[in-house]
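> Under the numbering used here, the sequence shown is numbered contiguously, ending at residue 416.
Watch out, some of these pointers could steer you wrong.
[To be verified] For each label pair, taking beta carbons as the anchor points, the in silico distance ranges come out as:
id : residue 1 : residue 2 : range
1  : 393       : 353       : 30 to 38 Å
2  : 372       : 323       : 26 to 34 Å
3  : 386       : 344       : 15 to 23 Å
4  : 338       : 370       : 13 to 21 Å
5  : 338       : 359       : 19 to 27 Å
6  : 393       : 352       : 26 to 34 Å
7  : 345       : 321       : 35 to 43 Å
Hints were generated in silico from the structure; no laboratory data involved.
Quick reminder that beta carbons are idealized off the backbone N, C-alpha and C, glycines included.
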Amino acid sequence: MKRKPADLTLRETLRWEPQTGFQRIDQHIRRLLRSADALGFRAPANAVQALEKAVGGDKPLCVRLVMNYKGELGHRNHRVRAPATGYGLAGSYRPERHTRFH
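My request is simple: use the sequences and hints to build the entire structure.
In structure tokens form, the structure reads like this:
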């Protein structure tokens, strides 16, 4: 197998609501794991639990999950400024923080 470039990452963007948690998290994690497998990345350990620990507050968040080829996870949270209507949150969130977790 070829060596993976250190800067190659997989990304998945999820919406988190204070009352209901992550929207369609099972689908997002399945897609991330399928992509990781197809590219020969290691599967992340406890991705859902790590995401749950990374969020909080009383405002909806757009959470961008980033995974490298070693299966290491990081995230960036954005506060959703306008009510979302279906898909297409582009332009409706503001950068808040960036954190790396394992």
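> Starting from the hint list further up, note which numbers the structure goes against and sort them upward.
7
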